[in-house]
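**Q** So the sequence lines, in the order shown, correspond to chains A and B.
Here the first sequence stands for residues 67 to 523, numbered as in my numbering.
Here the second sequence stands for residues 90 to 544, numbered as in my numbering.
Derived from the structure by calculation, the hints contain no laboratory data.
Do not rely on the hints blindly, as some may be mistaken.
Among chain A residues calculated to face chain B with C-beta under 8 Å, some are [unchecked claim]:
#1 PRO104
#2 LEU303
#3 SER307
#4 HIS322
#5 ILE325
#6 MET384
#7 TRP390
#8 SER392
#9 GLN393
#10 ALA399
#11 TRP403
#12 TYR428
Pairwise CB distance ranges (calculated) [unchecked claim]:
#13 B:ARG107 / A:PRO348: 57 to 63 Å
#14 A:ILE485 / B:LEU421: 54 to 60 Å
#15 B:GLY290 / A:LEU107: 55 to 61 Å
Quick partial rundown of chain B residues pointing at chain A, CB under 8 Å, derived from the structure [claimed, not checked]:
#16 PRO224
#17 ALA229
#18 ALA317
#19 SER321
#20 GLY341
#21 GLY342
#22 MET390
#23 THR395
#24 GLN399
#25 PRO402
#26 MET408
#27 PRO409
#28 MET461
#29 VAL464
#30 TRP480
Quick reminder that beta carbons are idealized off the backbone N, C-alpha and C, glycines included.
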Amino acid sequence: MASNDAIYGYDPRDPAAPNRPTTYGQVNRDIIRPLLRPTALWLLAMAIVVGMMVWGGFAWYQQITMGMGVAGITHPVMWGVYIVTFVFWIGIGHAGTLISAILFLVYSRWRTGVYRASEAMTVFAVMTALLFPVLHLGRCWQAYWFFPYPNQRQLWMNFKSPLMWDVFAISTYFTVSAVFFYVGLVPDIAIFRDHSKGLIRKVYGAMALGWHGTDRQWHHYMAAYGFFAAFAAPLVLSVHSVVSWDFAMAPTAGWHSTIFPPYFVAGAIFSGCAMVISLLMPMTYLFKWEPYVNLWHFENLAKMCLLTSGILTYAYGMEYFIAWYSQNPYEWAIFSWRATGDYAWAFWLMVFCNCVAPLVWYSKKMRTNPWSLFIVAAIINVGMWLERFNIVISSTAHNFDPQTWALYSPTWVEVGVLIGSAGWFGTWFLLFCKTFPAVAITEIKEMVAPPVKGAGH
Amino acid sequence: MSHHHPDVNTVIDAVPGRVLPASVSMASMAAIAAGLGAFAYGLFASEGGAPVAWGAWLVGTIYLIGISQGGVMFSVIQSGTLGRWGRPLKRVAEAFGLFLPVAWVLLLVFLVAGLKIYPWHPETWAHGGPVALAPHSAEAPASKEMWLTPVGFVVRNLALAGLLFGLSFVYLRASLRPDLMLAAARLGSKAPSWWSWFTSGGGDVSAEVDAGQRRQRAMVPLMGMSYALLMSFLAFDLLMSLAPWWVSNMFGGWIFMSSFWLSLAFLALFATAGLDWLGLRGWVSSTTTHTLGRMMLAGTMFWGYTTFGQLLPIWYTNMPEETDYLLVRMYLPQWQWMSQTVAVMCFIAPFTMLLSRGVKKMRWPLAGVAAMIAVGVFMERTLLVLPQTWWGDHFPVMDFVVVCGGVWIGFVGLFVQVVGRILASMPAIPVSDPQLEEHPWDVHVHAPGATAAHH
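Whenever a hint applies, use it, and build me the whole structure from the sequences.
**A** Pasting the structure below:
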């Protein structure tokens, strides 16, 4: 088994794994510990993300009071940073359900340590993404127009528009992801309830829904969890496919592409897995979760990124080949312009970030090096934002009529909102890590030897 | 050895003297003869003539390339993911891969003799002569005139297929070598002579086992990229260029993913039919077929997803240069029934049936669904090819049934004959593979009440 040991070297089930948890009690203590008292580092992190959020809020306030003119969007580029960032955050929201549901269905062991934080990331990322259609509206107080509701004039939204499909796809995805997330949390919240006192105990008690870990409850829990996993898995594919159709349904050159659905889904998983690495690496060191979240998990996430990076590279290549092979002058013009025109810097930076930089992870040494993992994951996050920038901006800036061509650059308001969205996301995530178990206690225990008499439980 | 599996030595000892069962051999030879007869009828006597006959040959060739290369990828995925559930099926899948040289010859024959079915060929059989490939505007690249030339097309496709098949052979050698060395050491002079292609220059078996595992894992990324890229270009050239002005940039991905799915269906058929003959009983459990069924279900859903993913943007945008490809297949009466049948056999029926855990766990019901997928994919590939090689108002049903069906049966017969003979003469499971057994850390011993003791 020598070759296997080398691969499974970081698996917590490995008797030789460093800091391997030995008892259920130790698992409880280790994972509850971060909730006891905020450390200076946690407070500093909170101060930074709240500061970013406040800046974003101020930028939005400027837009509400001054009008959409403070944003850089103008004819012909009417979809700017807001839509780019919307697609980016929707993409980030993919990895959680992928790791949680799909890896659960394929019996993958390494999901255990990271799935809870990934699910939280999904829910918060989708909450962040949902801000952007509202921001992009301008008159955000009329956002309820997105939804079908009875009204006197019998006016309905345009159900034939892919943008409307998006509303329903994302709402469904958000609802199912949130319920799936909460169902998984229930047994762990019960552990928190049992370890807390006073009002906090009552709050956790209410949230634990009467969980006592009886056989009957576990039976229902496992059935529900399996059902939600199977239900959520197709949604991972569907939601970003529908987002991709926001573009692919238009006859716009550079957008009308049949490969968009799987290409967008792969890109979403790619960016989501990179974001999990970016978030969990500092958290692991901040909260001392090494026995539960360690290089074994990060290496597997890096492998997921390698796979999806390969799919993206394939898709980029196919787009160019077919644009050339089709002899469609409009398609070829836009793809040529992306690589050589005013936004070529963004295109080539995207290629570097998404296709070239991840290649270092083909070396095991590099994908098990914390610095390499952290830096390349950050590069991927930048690259995936740029990918959406390339798609959204270039095709609208150079559309069919050369008389209307114009360039777009974001204003400080749009950049402020972009940074504010990261602050909004980070605030939710840090609060979650301080309030709920960000590592799944019950599933970690399945990897620890069961308690036996005299084992010191 | 494992508590759950029989001794691997019984698998090795079963090899000498094992032959393809007479009934299977006779049936597959009869299928080959029928295929040749159908092809000759198509070529010389049918209403469709050479374009339909060579179209049927192209369908069969693409079909068998898909199964064979998909089998290699099944093995590659098992290596890359350290998957254990499918290890007992790995050798059967690899035997599919050993058919690739025959598939290359079938492709060669088509490219030499059947190239005129392409409407861009200067001497095409298409009604109305060759399609003009010149760009419609000065701003468009003159790509088609450059890409779609007879010599370039033949050389490119033989080279692409040769490269992919060559890489597959290198991978298969890394997998087969330690097994065959181990088996040869046990069988001595009873070992088949062709094993020496794989075992020559061998040394210590345990060192070869480690080296084989390392080589297989090292080749996983290369095999994945080569399969996706080279199969895509084969699909663009061999299938999509039949309609030279129609493009879909998901077409390549659609073909290579559905080829893998088709290979899973054939794996289910071979594992079911050959369970006792190949000594797989005791290795292939209901859990194995359940997981294989889940993969087939995933493949079915992915086929539906990628098919709809191409259909919807084309339908919605409604541009004539894109919709004509669909209109011909979905609305013309001579093809409409086939596209509707494909939708049922490739998605609606298998999706519904494979949702059942029972169907996935029982071998024969799963084989039934697999057979339906196998026929469905044949019809789907036919639907891609035949509307481009037959231009009449009403497609003669006999031409389809006799020529297309007959040639396909012949190709399947050839595949069964060749792969059956290969499987008969080697251990049907990867006997030296360390992943054949359950991982020791995956074996849980639960104390009574351990679940309730979670917290």
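**Q** Please check whether B:SER321 passes as an interface residue: C-beta within 8 Å of a C-beta belonging to chain A.
**A** holds, 7 Å
**Q** How about B:GLY341: closest beta carbon in chain A under 8 Å, or not?
**A** holds, 6 Å
**Q** Does the closest beta carbon of chain A sit nearer than 8 Å to the beta carbon of B:MET390?
**A** Holds, because the Cβ-Cβ distance from B:MET390 to chain A comes to roughly 7 Å (cut-off 8 Å).
**Q** With chain A as the partner, please determine if B:PRO224 meets the hint condition of a C-beta pair closer than 8 Å.
**A** holds, 5 Å
**Q** Measuring from beta carbon to beta carbon, are B:GLY290 and A:LEU107 in 55 to 61 Å?
**A** holds, 59 Å
**Q** How about A:GLN393: closest beta carbon in chain B under 8 Å, or not?
**A** Since the shortest Cβ distance to chain B is 5 Å, the answer is holds.
**Q** B:ALA317 was flagged as interface toward chain A. Is the shortest Cβ-Cβ separation under 8 Å?
**A** Holds - the Cβ of B:ALA317 comes within 8 Å of chain A, reaching about 5 Å at its closest.
**Q** Hint A:MET384 vs chain B: min CB-CB distance below 8 Å?
**A** holds, 5 Å
**Q** Per the CB criterion, is A:PRO104 less than 8 Å away from chain B?
**A** violated, 25 Å
**Q** Tell me if the interface restraint on A:TYR428 is satisfied: Cβ within less than 8 Å of some Cβ in chain B.
**A** holds, 7 Å
**Q** With 8 Å as the cut and Cβ atoms as the points, is A:SER307 at the interface with chain B?
**A** With a minimum Cβ separation of about 7 Å from chain B (threshold 8 Å), the hint on A:SER307 holds.
**Q** If you take the shortest Cβ to Cβ gap from A:ALA399 to chain B, is it below 8 Å?
**A** This interface hint holds because 7 Å falls under the 8 Å limit.
In this structure, the earlier hints numbered 1, 11, 27, 28, 29 and 30 are contradicted, and the remaining ones agree with it.
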